[in-house]
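Here are the chains, one letter per residue:
Protein chains: 2
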Amino acid sequence: METAFNLDQSIRKVKDFPKEGVLFYDITSILTNPDAFSYCIEKMVDIYKNKKIDAVAAAEARGFLFAAPFCEKLGIPLILIRKKGKLPGKVLTKTYALEYGEDSIQIHKDDIPQGGNVLLVDDLIATGGTLKAAKELLEEGGAKVDKAFGIVGLPFLNYSQVLEGMDVVTLINYDSE
Amino acid sequence: METAFNLDQSIRKVKDFPKEGVLFYDITSILTNPDAFSYCIEKMVDIYKNKKIDAVAAAEARGFLFAAPFCEKLGIPLILIRKKGKLPGKVLTKTYALEYGEDSIQIHKDDIPQGGNVLLVDDLIATGGTLKAAKELLEEGGAKVDKAFGIVGLPFLNYSQVLEGMDVVTLINYDSE
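In the order they appear, the protein sequences are chains A and B.
Numbered continuously in our numbering, the first sequence closes out at residue 1125.
Numbered continuously in our numbering, the second sequence closes out at residue 1125.
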């Protein structure tokens, strides 16, 4: 059954969101379909169960949705990658460039496993900018980061260049229209 | 073993966050402790597995962390309660009062099960304001909402008054200092 599952049918495509000219790949249609959601989590477990992963770092907020069941199933600690000002403990902060302007992410310093392997998880990997900033932040904090996972990949936005040297896995990729 | 688990020890208390005079109950220390995280999800499953729940609605962003593993385990559709502007599909919007100012939440209209029972999930229930707004929104959309769950409850902030008539369950409660 698993190989016959069509994940594409469970991903809604919304034109002109969040702005004109952008085709948005919406994963909320996976969440409302328990078969699709289980398929994604089981795939993640299959891919990573035999890799040595000491912690997962998940990007706010949609990354939480896939990282949490995965971590709970495998008993792996879950670290949050949050926007500035959301985490109450001692944090490491990284500011990075966006298409227009910049953004800042934070991670709890004490959550980072010293010398441990951290897997980055997000729902969708596009430019790779946030994951690159997260990788740098985790490495500054003492972890090793050479793996990233996304349900959806948009390779035409060149994440493989930005995340060069990393092992990036996605369950489904879309080309530019 | 389960009854001996001390959840309190896995919840970090941070003084003066996000502002002076507030004691913040931080659940990220549950996420980095796989035993604590599993304990919470298993408790949720035990509490709700025999109730007739057609969907879960989870509050952004920390509510996602507990709702997602719970929904995945029980095969229940997961609806997101998000801040304005995050959901790409047709939405219902509710604006509600905060201590200072107001906030708006949105839910995908087509995700709401007509006549179905929806369980509200968040990490922490304090004033109950967001969950009340979510309940009203889901009911406007055609669902029944009489159950809410939080890992942590702060009853001294009077959520039981705001959520009057609802069956509200929390795993641990804290009194005012």
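Read the hints as simulated data drawn from the structure, not as lab findings.
Heads up, a few of these hints could be off.
Pairs of lysine-lysine, PhoX-like flavour, derived with a Cα cap of 25 Å [as the list claims (entries may be wrong)]:
no.: 1; chain 1: B; residue 1: 967; chain 2: A; residue 2: 963
no.: 2; chain 1: A; residue 1: 963; chain 2: B; residue 2: 1034
no.: 3; chain 1: B; residue 1: 997; chain 2: A; residue 2: 1031
no.: 4; chain 1: A; residue 1: 997; chain 2: A; residue 2: 1042
no.: 5; chain 1: A; residue 1: 967; chain 2: B; residue 2: 1057
no.: 6; chain 1: A; residue 1: 1034; chain 2: B; residue 2: 1057
no.: 7; chain 1: B; residue 1: 1095; chain 2: A; residue 2: 961
Against the structure, the hints come out as follows:
no., hint, verdict
1, 967/B to 963/A, "40 Å, violated"
2, 963/A to 1034/B, "14 Å, holds"
3, 997/B to 1031/A, "34 Å, violated"
4, 997/A to 1042/A, "30 Å, violated"
5, 967/A to 1057/B, "21 Å, holds"
6, 1034/A to 1057/B, "28 Å, violated"
7, 1095/B to 961/A, "32 Å, violated"
When the structure is compared with the earlier hints, violations turn up for hints 1, 3, 4, 6, 7 and for no others.
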